[in-house]
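Asker: Chain residues, written in single-letter form:
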Amino acid sequence: MADLEKIMKEENIVYKKTKVLTDNVMHYCPGCSHGVVHKLIAEVIEELGIQDKTIGISPVGCSVFAYNYIDIDWQEAAHGRAPANATATKRLMPDKFVFSYQGDGDLASIGAAETLHACNRGENITMIFINNAMYGMTGGQMAPTTLVGMKTSTTPYGRNIDLNGYPMKMTEIVASLPGTCYVTRQSVHDAASVKRCKKAIKKGFENQAKKIGTSFIEITSTCNSGWKMPPVEANKWMEKHMFAYYPQGDLKDAERDNPDDYIKYIK
Amino acid sequence: MADLEKIMKEENIVYKKTKVLTDNVMHYCPGCSHGVVHKLIAEVIEELGIQDKTIGISPVGCSVFAYNYIDIDWQEAAHGRAPANATATKRLMPDKFVFSYQGDGDLASIGAAETLHACNRGENITMIFINNAMYGMTGGQMAPTTLVGMKTSTTPYGRNIDLNGYPMKMTEIVASLPGTCYVTRQSVHDAASVKRCKKAIKKGFENQAKKIGTSFIEITSTCNSGWKMPPVEANKWMEKHMFAYYPQGDLKDAERDNPDDYIKYIK
Amino acid sequence: MTEEIIIAGFGGQGVLSMGKILAYSGVMQDKEVTWFPSYGPEMRGGTANVTVIVSDDRISSPILNEYDTAIILNQQSMDKFEKTVKPGGVLLYDPNGITRHPSRKDINIYKVEGVEEAAKMGNVKIFNMIILGAYLKLKPIVKIENVKKGLEKSLPERHHKLIPLNIQAIEKGMEIVNKAS
Amino acid sequence: MTEEIIIAGFGGQGVLSMGKILAYSGVMQDKEVTWFPSYGPEMRGGTANVTVIVSDDRISSPILNEYDTAIILNQQSMDKFEKTVKPGGVLLYDPNGITRHPSRKDINIYKVEGVEEAAKMGNVKIFNMIILGAYLKLKPIVKIENVKKGLEKSLPERHHKLIPLNIQAIEKGMEIVNKAS
Amino acid sequence: MAKIKGAVKVDIEKCKGCGLCVEACPTKTLDLSKEVNSKGYNYAYMADPDSCIGCANCALVCPDSVITVYKTKI
Amino acid sequence: MAKIKGAVKVDIEKCKGCGLCVEACPTKTLDLSKEVNSKGYNYAYMADPDSCIGCANCALVCPDSVITVYKTKI
Amino acid sequence: MGELKLMKGNEVIAEAAIRCGCDGYFGYPITPQSEVMETLMARKPWETTGMVVLQAESEVASINMVYGGASCGKKVMTTSSSPGISLMQEGITYIAGAELPCLIMNCVRGGPGLGTIQPAQSDYFQACKGGGHGDYHLIVLAPSSVQEMNDFVNLGFELAFKYRNPAMILSDGAIGQMMEKVELADYKPRWTDEEIEKISGDWATTGKKANRKQHIITSLELDSEIMEKLNHKLQAKYKKMEEEEVRYEEIQCDDAEYIFVAYGSSARICQKSIQIAREKGIKVGLLRPITLYPFPTKPIQKLAEKVKGMLSVEMSAGQMVEDVRLAVNGKIPVEHFGRLGGIIPSPIEVVEALEQKIIGGK
Amino acid sequence: MGELKLMKGNEVIAEAAIRCGCDGYFGYPITPQSEVMETLMARKPWETTGMVVLQAESEVASINMVYGGASCGKKVMTTSSSPGISLMQEGITYIAGAELPCLIMNCVRGGPGLGTIQPAQSDYFQACKGGGHGDYHLIVLAPSSVQEMNDFVNLGFELAFKYRNPAMILSDGAIGQMMEKVELADYKPRWTDEEIEKISGDWATTGKKANRKQHIITSLELDSEIMEKLNHKLQAKYKKMEEEEVRYEEIQCDDAEYIFVAYGSSARICQKSIQIAREKGIKVGLLRPITLYPFPTKPIQKLAEKVKGMLSVEMSAGQMVEDVRLAVNGKIPVEHFGRLGGIIPSPIEVVEALEQKIIGGK
Ligand SMILES: Cc1ncc(C[n+]2csc(CCOP(=O)(O)OP(=O)(O)O)c2C)c(N)n1
Ligand SMILES: Cc1ncc(C[n+]2csc(CCOP(=O)(O)OP(=O)(O)O)c2C)c(N)n1
Ligand code: SF4
Ligand code: SF4
Ligand code: SF4
Ligand code: SF4
Ligand code: SF4
Ligand code: SF4
Ligand SMILES: [Mg+2]
Ligand SMILES: [Mg+2]
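Protein sequences appear in the order of chains G, C, U, S, L, X, Z and V. Anchor point for the first sequence: position 252 equals 252 in the numbering used here, and the numbering is continuous, going up by one each time. Anchor point for the second sequence: position 54 equals 321 in the numbering used here, and the numbering is continuous, going up by one each time. Anchor point for the third sequence: position 41 equals 575 in the numbering used here, and the numbering is continuous, going up by one each time. Anchor point for the fourth sequence: position 19 equals 734 in the numbering used here, and the numbering is continuous, going up by one each time. Anchor point for the fifth sequence: position 66 equals 962 in the numbering used here, and the numbering is continuous, going up by one each time. Anchor point for the sixth sequence: position 72 equals 1042 in the numbering used here, and the numbering is continuous, going up by one each time. Anchor point for the seventh sequence: position 69 equals 1113 in the numbering used here, and the numbering is continuous, going up by one each time. Anchor point for the eighth sequence: position 137 equals 1543 in the numbering used here, and the numbering is continuous, going up by one each time.
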């Protein structure tokens, strides 16, 4: 133990909580992916040195209180409308870094139109999309991304295609829009994925400086409360079932399409 | 002339207005595509003998008065929400034929979420989508599908990507959803295309009897008032410019994906 | 002085812009004016009308049931507005396309062959200016130089070269208007 | 007879379902009852409480500021609800996890080692039934057979086999409750 | 050989003079009249009645469904 | 050869005992304690302090950012 | 007597819907009313009565699904809470304009904005005056017990169909989350096609039979003369409701010198307040509006003839009090007392407010 | 004197926005107000003042873009007409709850539902009582001329920023489509970052500088005690507005025995009605509320002391009349006259209504 004390010295620190995270205890359930993603965003903001230039748009969902944890300016959007807030914020303050942070209910269900159109306009923002296949905040109802057969409080016998339709791949849709420059699907269930995810988030923010369109980062996540599984088990279930339907990795990583391509159509 | 009178006899009729069209004079501008599509829908309803079983959902847009022309029961939906009306109508009366009829502003702008989700749920309905790249009814404003460079009353200097984003290919998006069984892009600018379009509409209605998902039929159209072109010229312009960006033909024609495919993901 | 006018005809006949020029001329002559159009969905065709009020005083209601003058350019408008002219008021119309001519005895009825004359002048677009001229002959509420100024104000710069033609049309209208039998 | 009770503890301690069983037992005994929970966003953890009223008469307000009995299962609840017991009323608590014990002199304070006893009985889930038993010993407002009926009504069929164990726990609670010094 | 002969009847009052039928006719049978109907539209008519083959193209494209097509063999 | 030695400090009061760090540790250094903190969570601790290599995997996956990682060469 | 149960107000809404032969429910989750859809989904009525239950993509979609279903002459409903109900305002006015029957439950939470999930009564104006545009009214029922949550589902549908008008149950988090004894209604079968034909056969979009005209559901009319007539027709309907459908309860009003006017949860609180006040010797009674629209104007006017003052008790900054004042029209003092932000007033506070604002009032 | 122009009310809104240094406009087309965005798009202010103009995908998106822009301390606005404004209700209550300044213009058309595109005043309740949920108020300005359309853009923004509260211009198809002489304001530059810092530096989300705390724009508060405090803060603000910001015009009220109360287009009609009535020997005046919220309660109370009756003239089935009655509190008869469905009443009708309902009234 004396040994440990020797190691635990300021100069030996290789990892500690970024200062861009506040000291508030997060209200999330133990093991919730939201916490990990918050940390990554905070670290990226710290590394890029843009704490004084970043505006976050939080959603209605479990991450409604994101503003209590990441120490930047925030707007708490109405359910599903974060892309609208972000659009105006970025267009009015083009030199700031603007990102939205939304759950799957928020982004893909009630806010599907705002998501689609912000991406289609190629708003120069970063969109973070926490896909935990569930409405966490309201008590585990079905989300658009809930897998077939998954039990939720509104699909107590499992999601059924005839009744509820198909799990929606919003990220694939968004990738098909010329307005997006970078679309990727990440996760934070182990150390390697956490590192990859952070890189993706960083790239999403850096793209704003390049002004090349919308960066869209899905993070396939767990909601262990909604899934009614312990956190570790939830991660394993996610790897096995969610990744099959929501394949991980970049869907698109391109400079924005040349506007001339479009103008030629009408000439 | 005596000659003509001899020909113009009841028994020699090879084409006449279907009785499913009312005698009301349509309020559309001369040459408007809406009129042609109305006729085709009416003919299909007559041919299938389903006038007493068909419920149309009209949009807010120039075709707001569709109920004055096609002699069936109609619901006049709120702007963009026809898929919601259609969803409930079909689910509550599964033996009826239910179709929505929507413009590009209605279906792809304000109603984007309802469109996406009805198709994603695979509602057993037929959706008719009149893409005239314009808000006809309100005076020729930009629609989501307006081509780059096109002048409208809200893009008086031409649609510009930075300001207004990209022309949206809603039909391609909808085709990517497993809920749709038949997705096609048609037009009605000449006799051949009219015939093809009618077949497509018929198929869309027939699919309802097969219960295999959503049929989605885009009709690339003109709005000569909004485009400020005479009808014939508008058709030519459409062929030249619209078809390049909105390629004609079937995007998807498949039996509905086997639900088992999805269930396997969670086993 | 308060002059309350309705101008009514088909869309596309320049009804609204004629009203606008009249209103702008009023502004140039330091009068109070209001211009209130009928409006509807944007489909082509149908009728259009505009209420113009020119007055020395603050104008209360911009919308009226009775008019000092009705300028009528098609049959539907005749049917609708003949009865709204105040007794002793003026009804000015272009007989082209009119099947039922006005019949009131308690008002002053004038005709102007605007369509015909515009065709003669080789520019159907100035039809409405001929009508305006006819009106101004009957009710010289604004001076011609203020109409010129009104045209300058209301037309975009690039159309200013057409002002002389417009003035010519107005003068023609003043010339050819005459009392209906 | 009207008995106004607050039951308060951590989420997950079975606070709400204990209240529900009590309320259902009241129904079985032909009483009027209300059950009103605290509710919040669905994140795990945090405190939970429920107000249960059992009465012979129509119940007016289901929400109260003062109670005949407070059943308290964690420190936060102690801090919040000790003061809400009516003078002469009952405060029943499980000392497990309690750091500041109740101190009022004008109320009757009872202890029951529910957590400990449940562990002894080999099933931590019946903790809340032990507490309920203790309460019913102090305030026999419903007969045990009606509690049994209440359990039958409130538990899904597939859990009916657990009813005997629950009754056992209630009886244990009745046995071990005692007045705090 | 029997010759195919066609004819069309245009509901003049309802025709809006859009000209789509004129464009669609493969035999250049139709044209827009100089006259206008009561709505002010230059309606379509058979400018060259002999050449009509009754193919119905005109009727197919007519947005206002005002064309009836006849065909016979002579 | 210098040996790499690591250590982690867990902010016990803020740990929620989710166990993700335990799972993420390649050296099985961590475990959840039998004790609970004041919120009732079984917090994480170094069950086998010697095996820690300071890789920070635990800290990376911790949703509540309560782990500080130290590393040194001995 | 029907089946006796102990249930949450929200659960009862679901149960009552199934039992009264509701054809379709369309909703979107929101606290504190998500139990309605959850209960329905667990009950799977589509396998028994054939009722359709669908989780929509949003409240906007929900209300327009209701619009579609109601157009077919079906008994359809949605439920939500304040922010969701605000999103429905366009749809609601379409339904009112097209004169369609349907049932909407608003389990009110504190506002404005995202606010709090705790109970409030601050959507009274929205429900009763018109949150949407144009001159229209909803039939608004205010339950103050779980039993009434049950009863008003059936009553709401009955009134909705009687008047071809949307009906709203204005509940709140307290009534929705509370469990009470409830006597459930017996099962009524869903209407058959023939019954729908009889009830709504002259307007519902069920497919145009050869022997009848088209049925067109719309609220559009560009001809102002006709549009005005349609509006007068609506107004005549509202007038009829005001004459025939007012519902209220009077508690201890006979000898009262003062009156509480309160609905829903507040009315429950006031019952306790009456007890407390009367113990103090203050003779106070309660007028509990059951229909908020049509509002019990006449009963209040009558009481105003004989009492000294009224206190409108609402969990809002003062909304219903305007209707009380409009009824009383200056005859006696009328004041408002309320708590905000999701706080339920205590019975004692209410008595104190009566003493200060009315009895000791200027 | 500023530039003199003949313009439509709607065009003037656009022009005034540019000239008063508006930072952003977000809107969606709808008759009868689409000219606002069209004028802006033709004027291309982004090339001159730097103002952002964006056609949003819907009214829901528009109002939430306004929410976003207002959060940054920018002068932002949207315009729409009745159905679009109904869709904005959720967004509006968020903006009110988060205490943000912004400007919304509703060019009212006849309802309910899709209704008609002709002018109406039937959204008074929605604008003044709260179409959204929760206890909140908009500042509501009612222009009755094109000149006021111009003036109230600037005034609206000023009040909005003074109170951190959304302001609404309640216009209608008549005022929006009418052309009148208008004296345009001189150009004011848009606020610089430094000016925004000075004006809204303690709350706007402009990026958290090292020396200050986070700025968080939200209307959420789960702790009811705090939420109640926030609500009381809002109520205190509304009270202040009611005391300090009432605006109205009195026309020929000095010797009046009767009073018309009318705003916007109706007030224009009533001016003519006064002329007609006075020719008949009826001494009538007009109280024209300029602010509908805060409502000119006290001026009306004062008039009620000396006149015999009031007629509320509105193009609605009777909405503002409730506020007139609440002000008068039974002192004198108050009646309503209105036309519906997009019909503008004629000056003569109004006089006749006065004669029948008030002068000859029971
Ligand atoms: C207009 C509106 N509708 C519904 C709600 C209720 N609501 C709050 S969060 C939420 C969904 C949250 O799910 P998701 O976006 O997936 O976020 P998560 O909690 O899973 O992170 C809903 C429906 C609301 N606040 N506002
Ligand atoms: C909520 C709402 N917003 C806006 C409008 C105004 N509006 C009527 S039709 C229309 C767009 C019509 O365009 P489209 O859907 O393309 O149909 P088209 O007229 O071109 O056939 C709009 C914006 C409305 N009626 N309701
Ligand atoms: S409910 Fe789900 S998403 Fe919400 S905090 Fe808990 S685990 Fe995370
Ligand atoms: S405006 Fe366009 S879409 Fe509308 S009727 Fe005219 S041509 Fe057709
Ligand atoms: S039927 Fe054929 S040939 Fe005859 S007019 Fe029509 S298009 Fe021409
Ligand atoms: S297509 Fe029809 S409407 Fe057009 S000109 Fe020919 S006949 Fe007339
Ligand atoms: S991951 Fe973090 S919160 Fe979870 S057990 Fe480990 S240290 Fe505690
Ligand atoms: S730093 Fe690495 S080795 Fe050490 S405890 Fe953490 S995960 Fe295990
Ligand atoms: Mg989620
Ligand atoms: Mg269109």
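Please note that a few of the clues may not be correct.
To be verified - Calculated cross-link-like contacts (lysine-lysine; reagent style DSSO-like; alpha-carbon spacing at most 30 Å):
1) Z:K1375 to Z:K1283
2) U:K614 to Z:K1277
3) Z:K1401 to V:K1619
4) G:K151 to G:K17
5) U:K620 to U:K645
6) U:K620 to V:K1763
7) V:K1615 to G:K195
8) S:K840 to X:K1043
9) Z:K1401 to S:K863
10) X:K973 to G:K202
11) G:K228 to X:K973
12) V:K1643 to U:K677
13) X:K1043 to G:K195
14) G:K202 to V:K1619
15) G:K240 to X:K1041
16) G:K9 to X:K973
17) G:K240 to X:K1043
18) X:K1041 to G:K16
19) G:K53 to V:K1763
20) G:K236 to G:K96
21) V:K1619 to G:K211
22) G:K16 to V:K1615
23) L:K967 to C:K286
24) L:K930 to C:K469
Source of the hints: derived by calculation from the structure; they are not laboratory data.
Asker: Check each numbered hint from earlier against the structure, then list the numbers of those it violates in ascending order.
Answerer: Hints 3, 4, 8, 9, 10, 11, 12, 15, 17, 19, 20 and 24 are the ones this structure does not satisfy, whereas the remaining hints hold.
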